[in-house]
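Student: Chain residues, written in single-letter form:
4 protein chains.
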Amino acid sequence: MTTVSTADPHIFANRESEARSYCRTFDVRFTKAKGSYLHTDEGDKYIDFLAGCSSLNYGHNDDDMKAALIDHITADGIAHALDMHTAVKAEFLQTFQDVILKPRGLDYQLMFTGPTGANAVEAAMKLARKVTGRHNVIAFTNGFHGVTMGALAATGNSYHREGGALPLQGVTRLPYDNYIDGVNSADVLEKMLGDASSGVDAPAAIMLETVQGEGGLNAASPEFVKRVGELAKKHGALFIIDDIQAGCGRTGTFFSFEEMGVTPDIVTMAKSISGFGLPMALTLIKSEHDVFGPAEHNGTFRGNTHAFVTATVALKKFWSDDTFQNEIKEKSELLTRRLTEFAGYFPGHKMKGRGMFQGVDVGSGETAAAVCKYCFEHGLVIETSGPNDEVVKVLAPLTTPVEVLEQGFATMLDAARIVSAAPETIAAE
Amino acid sequence: MTTVSTADPHIFANRESEARSYCRTFDVRFTKAKGSYLHTDEGDKYIDFLAGCSSLNYGHNDDDMKAALIDHITADGIAHALDMHTAVKAEFLQTFQDVILKPRGLDYQLMFTGPTGANAVEAAMKLARKVTGRHNVIAFTNGFHGVTMGALAATGNSYHREGGALPLQGVTRLPYDNYIDGVNSADVLEKMLGDASSGVDAPAAIMLETVQGEGGLNAASPEFVKRVGELAKKHGALFIIDDIQAGCGRTGTFFSFEEMGVTPDIVTMAKSISGFGLPMALTLIKSEHDVFGPAEHNGTFRGNTHAFVTATVALKKFWSDDTFQNEIKEKSELLTRRLTEFAGYFPGHKMKGRGMFQGVDVGSGETAAAVCKYCFEHGLVIETSGPNDEVVKVLAPLTTPVEVLEQGFATMLDAARIVSAAPETIAAE
Amino acid sequence: MTTVSTADPHIFANRESEARSYCRTFDVRFTKAKGSYLHTDEGDKYIDFLAGCSSLNYGHNDDDMKAALIDHITADGIAHALDMHTAVKAEFLQTFQDVILKPRGLDYQLMFTGPTGANAVEAAMKLARKVTGRHNVIAFTNGFHGVTMGALAATGNSYHREGGALPLQGVTRLPYDNYIDGVNSADVLEKMLGDASSGVDAPAAIMLETVQGEGGLNAASPEFVKRVGELAKKHGALFIIDDIQAGCGRTGTFFSFEEMGVTPDIVTMAKSISGFGLPMALTLIKSEHDVFGPAEHNGTFRGNTHAFVTATVALKKFWSDDTFQNEIKEKSELLTRRLTEFAGYFPGHKMKGRGMFQGVDVGSGETAAAVCKYCFEHGLVIETSGPNDEVVKVLAPLTTPVEVLEQGFATMLDAARIVSAAPETIAAE
Amino acid sequence: MTTVSTADPHIFANRESEARSYCRTFDVRFTKAKGSYLHTDEGDKYIDFLAGCSSLNYGHNDDDMKAALIDHITADGIAHALDMHTAVKAEFLQTFQDVILKPRGLDYQLMFTGPTGANAVEAAMKLARKVTGRHNVIAFTNGFHGVTMGALAATGNSYHREGGALPLQGVTRLPYDNYIDGVNSADVLEKMLGDASSGVDAPAAIMLETVQGEGGLNAASPEFVKRVGELAKKHGALFIIDDIQAGCGRTGTFFSFEEMGVTPDIVTMAKSISGFGLPMALTLIKSEHDVFGPAEHNGTFRGNTHAFVTATVALKKFWSDDTFQNEIKEKSELLTRRLTEFAGYFPGHKMKGRGMFQGVDVGSGETAAAVCKYCFEHGLVIETSGPNDEVVKVLAPLTTPVEVLEQGFATMLDAARIVSAAPETIAAE
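Chains as they are written, first to last, in this note's numbering: chain H, 1 to 429; chain Y, 1 to 429; chain U, 1 to 429; chain P, 1 to 429.
Chain H extracted, bound-state conformation:
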């Protein structure tokens, strides 16, 4: 395999765009990875509590997916097929139907968009507009849906929004669940939709994440999600759940909304859907809304064949019965307990998220950064989120063994102790 011997040690600084990001925080060079561990070219080993921002819910290089992928490549299995029929796509469709849709009583058509979450969101927003003949999409404070211009309009983060230097359009912003103390956000939505003079144009769609990953692990209550879904229906709008980060088991069930009594009109998926970290995205569409013409929304890499191979294994292996789901539940409870302990070091902290998608608002971005820095120096990759990066978030692979989780938590607790005891070191960050 290729080695780094020939590469200039300064090649990243010299040749990679300033847009590069995570590598600045984790300034080592990774070569291989397995399960819950990342390995560097210097032989160092890190526990991974980031998991490709939830793209590696099943850990790195799962042996079954790996074997299937090697078999496929070895047999000259087709690698790129545009959106032609392939045996592996058939297998994936069948598996998704049998393992995911049927047991949950769901009936969606699968649209393979370009293999990025943003692309799945763009397709969803376009489709909702086409179906309804309306232009307005309601999105929520702190939402993150991608940075291409259509999706970016729905994303709340000002740093990303300003990146485009063009006013974003087609989206009305309303407060997410529990956004403002003492304000019932669903009431705001209901009032504005019900008032012909509110200035909120009749919506094509209302789109939300049930847990806002980038927005700071804000978890919506089932009541809120349900009411939003009902209001969407009442007002002729499609209800879109962006399950790109919260889906694929991250909150405890395959879809993050399974236990909320809602059936979205459109669901977007990406990140862990391939199982192996390969680029793949999916837009699930209720049959009655499946009105795109052939290639009306297209893209060269829609339908990544290698990803179909691993995705099929992932679905069969982890979702054919309840075992995995039950494991996540137990680990989630463990996570809650340990984060509660961790949080105790930070006065005024807030517990955030649910399932294996939890974190702690430690009060400031500086404190959170100091925690993550300590962790990384002690063998743990972990990151922040939230409007001010003030939330230390745990995104461990769902397959992480309990003992490895505990090892990571121990490092976090050390970090909490050190950082909370020496606030002056934080200012130096």
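I should point out that these hints are in silico values taken from the structure, not numbers from a laboratory. Hints should not be assumed to be uniformly reliable.
What the hints assert, rightly or not - 25 angstroms max Cα-Cα, derived BS3-like pairs, lysine-lysine:
id	chain 1	residue 1	chain 2	residue 2
1	H	Lys316	Y	Lys32
2	P	Lys66	U	Lys32
3	Y	Lys66	H	Lys66
4	H	Lys66	Y	Lys32
5	Y	Lys34	H	Lys66
6	P	Lys191	Y	Lys191
7	U	Lys34	P	Lys66
8	Y	Lys34	H	Lys32
9	H	Lys191	U	Lys350
10	H	Lys32	Y	Lys191
To be verified - Listing some non-contacts, in silico: residues in chain P with all C-beta distances to chain U over 10 angstroms:
id	residue
11	Lys191
12	Gly194
13	Ala196
14	Glu258
15	Trp319
16	Lys329
17	Tyr374
18	Asp414
Quantities reported herein were computed from a predicted structural model and do not represent experimental measurements. A virtual CB, placed ideally from N, CA and C, is assigned to each residue, including glycine.
Starting from the structure of chain H, add chains Y, U and P where the hints point.
Tutor: Only chains Y, U and P this time, still in chain H's reference frame:
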């Protein structure tokens, strides 16, 4: 590996969105592919003159790339790393610098965007707006740059434009080279840019493809491209060449603009950049314009590690010396000769494109479809492009052996003979 | 003078666009008007509780303004001067400075925009964007600011918004004071502005009416207006008060915000500013924001000379001392008393507005229409407003003598009695 | 009449916004005006070759209009009536029908928009979008249609376009007749409309001025106008002629397009429609497109009653027979002769415009400004237009007696002689 035995024969019709497209024309099920051939699950074999719309310039499952990729996976080489430093990314950067940039005297920073061409275009447009503080991007008639909302604004095709049901913004449309008989399109551009009252806002960028693939294989003259570049510079705009389809050797050189005497400020690449058909995209940026902040334009799958592995092999194998380039040149001449013969059957035809990116405007979409249908029935995958799908285009892998090319051409000539002799059959299409 | 003898009785139906509106409700032909009365060509006489939607705060054909205008015309005083210097403009500027600005300690530059309120708003929004380099203007639910595309984006009414068939842009909509029971709207604004990830782009301006005339006579509390002003300042946005309908004494003081402890950066005026009902509009700008270049925002009829003549008289006559203001105060109290009586007939009613800008939400548009219909049949012109036209509003000239006011109120009470007693007649509307 | 005695001599500089414009060039104070003359408060007298930018086609204070207006005011004729029926509106509608529409075989509905040209254009654009369900309006290089955001999108001038600091939308810009040497602009339009992949969205409307006043007195050929009209029809778009500046006789006939063999779907009028310089605007709509709902496009000052009085007189007095039209024709020929003489002083000059709407491109804005400055110093008000203000334009009242015209021309010729002889003085401007 996975077989289709378990999949319902109607699974595509039942579960895949109506947005599916190529599979409608090529209604078979592909399983494997090698070099210039596609194989179905029924044992049929097709010559591939489509090459994943130019994503497979080096053919299917190239043995060297395949070996490197299997090695990487076998060794648990990292599969997903967000934009962290990895050994394989270092190797790709180094190779791109040494093999591509240096010999051509070019000095670009590499930005790994989300792995779709559209995402590379979105990044390019956003960056140009950020750099200049202007909003307007000038794009050309019949251009195709993707279907996410930012890129879609620059795309000409009305079928795609209407897909979004939201007026597209931030783009001024001007005629491409030779768009209107007797009109010098560069004169139109020059006049409009030089007139403070033209209504064309000062541009952030002027963006073009040197050959418009989807637009009908319209090849711009070097004079036009050069003048556009000069006008961009004169008026403070960035010059963007979208080389997603025309790049990676398709026109005869690595970049499609190499022999035109221009150095764009930004170049977008995707399709064949991974060499193997894996999703990957790249935005090349002159250092002085490399002003995105960390993760200002981001995405989970930016920097597809598997693609870096195969891309590095592809660059080293095909671009370390002139051999490959010379082969393309010879094959291009052969292609021109055979297409001239083919075109002879269609009165009023027009020869289109250049290099291995050529085709024939046969007069109507119906005729072109009839040709392609005949070809497919006789073992050749070939497609159309153009505003009315009136251009039969040849996008064979650049590595296709001459004898296989000739076999494909022979089928095309048969098709031309049959179709041109029986125009009534076309109406039946 | 021109008479109607030559006009076809069906000329309106035959030749005037379907966009015509008030004439449908008040289907008579007016010829002359004096003080608080409108006269028809059939010799009928109506008390005017509409006053040109607050464009006739000083009543019809005020004798002093009339004399000045006739003098001006008789002397061949200039009628149209673009924005050249004229003696009458000097006089108006001087008077506005001496009578309005100085006594209130205000220091504004006067911009004479095209003579419509919408034009004054367009100028204000453009200017705020130019001053701040930002694009976003925050406007409120139920706001009405005009129907040209820039102003329309800030207007809440969906009927008007849909009239343009183009998505409106550049405006974020937030709840007005007391919009939702139990929600402090200023808290919503504060939270969204203070959160870099809220999705509300940094605002160029926050714009509001202190009383929303078209929106249903919603009166903001001084606390709300003040907090909005402070938040605007804190976040680098200009604070715009649209005083087009609420200004010129309607709420009791010349500016509607005088007693609220705020000094807006920009104030828009129109409607009664000419005093005589002549088209005129004004945008008041703090000196430090007076950055439009010459004619950057222009228009042929900016600076209506005839209107300057009457406006100067109006300012001198009504605002040189407190007499008029005190009269309005007394009449306002009378109005409140009589509307309270009126409202008593409608269970669940709400009292709306303040000053001589009050009305009653009678529960439904049907009821309100029935009231107005009865009134018109009994010699009183009165109209509705609100999202569902559910508010019966009184917009009598501020100069209306008490006995005429009482006469109008008496008719309103009759209407209330009749309509509330026979709800079945309402359904027939 | 009001006098200036009380006004501070610096009141304009101190209190009027920097947006003021013409007053900078013509820095005197006008008091009265009659026919073709403007008079200042210092007793100076100027010949008016600007005529309120064509708002005073019948000269200042025409005695018949003046008398009718004084009669109306004296009789307490209604001054402001929203869009209620009034006797004077009936009279105007009847007169417009009898004098203008019938003799020309035209059948339009009249919509009284807010009394500015921009407002009439906003209404036209909104209506075309509503009628067609499309968003795109095609406008032309160097067009001027107003500066409110909807109209501004159709205006070409960058100084005005940038005034809004918000990207303008909904308009595609194409070259006007004879815009580029050797390019047939109608061919460009035809090609782009006929190509589904051109990137020009199916238009709601195509809008043009037959002579572009602000754009530099560019006169379209009848062939161009006719072809544009035909292309609009063919492609399902409404054909809008903006006759605000070129209409009301300026080019020789009441409508500027009368002799071109076209019948626009919508015509916008303003400027001289009131006859007296009073604010008034009009949108003429073919019955089948008269689909605005009541007040869907509204405005307080729509239907300026005083303007109806004078407009009715103007139509009866000047357009009841051919006399006036014939006079304009003769004066136009005189104007052409004199301008040819004038132009002779400027090498490389271009004759511009037609009818009483002519001027000379003297090569540079500096030269044109020097000419106008000399003229003003010698008793003649005259202005420039064009992208670089390089056209000296004559906009004399159509009623100007020949001897006054000759006097003005004489001054212009003097200016030409002086300025062309002393080019160094121009640099000093």
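Student: Can you give the numbers of the hints that this structure goes against, from lowest to highest?
Tutor: When the structure is compared with the hints, numbers 8 and 10 turn out to be violated.
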